[in-house]
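Peer 1: Sequence:
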Amino acid sequence: MSRYLLDTNIISEPLRPVPNPKILERLRKHQDQLATASVVWHELLFGCYRFPDSERRAAIEEYLQRVVAASIEILPYDGHAARWHAVERARLALAGRTPPLADGQIAAVARTNDLVLVTLNLMDYDGFRDLRVEDWRE
0 MSRYLLDTNI
10 ISEPLRPVPN
20 PKILERLRKH
30 QDQLATASVV
40 WHELLFGCYR
50 FPDSERRAAI
60 EEYLQRVVAA
70 SIEILPYDGH
80 AARWHAVERA
90 RLALAGRTPP
100 LADGQIAAVA
110 RTNDLVLVTL
120 NLMDYDGFRD
130 LRVEDWRE
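Reading the sequence shown from the start, the letters are residues 0 to 137 in numbering that gives the first Met the number 0.
Just so you know, the hints here were simulated from the structure itself, not pulled from any lab data.
There may be inaccurate statements among the hints.
[Stated by the list, open to error] EDC-like mimics (lysine to aspartate or glutamate), calculated; alpha carbons at most 20 angstroms apart, straight line:
1. Lys28 to Asp123
2. Lys21 to Glu137
3. Lys21 to Asp134
4. Lys28 to Asp134
5. Lys28 to Asp102
6. Lys21 to Asp31
7. Lys28 to Glu12
8. Lys28 to Glu87
9. Lys21 to Asp102
Construct all of the structure, not just a fragment, from the sequences and the given hints.
Peer 2: Spelled out as structure tokens, the structure:
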């Protein structure tokens, strides 16, 4: 059963030249409790396909298919998430804050599935109500 929803930067961490060992350890420790959002999946694929055909792109594509898609549940941005997101987006807009659309969608998928959102960018999700967020570098 999923407990954590991974943001793009967490899923990308193993591809870095020198990945953060704390993040890698947490990914291993919770490997059976991980999910991500379809919005994150799009960001990952888009990032991959922006590379020209190369060994690097092939390695990223293989990682996404053989590791990510094979072992991490991809949750949809559905009607329930859209409603939560609309309410939060309106509330934040009235307060003068306009978080990026994709961040709101990711937050909505995490919140409506009662998952902890794991990200390296805590500030991207600051202000969303009742959203649990963790940075696994700490």
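Peer 1: Please name the hints from earlier in the document that this structure breaks, with their numbers sorted from lowest to highest.
Peer 2: 1, 5, 8, 9
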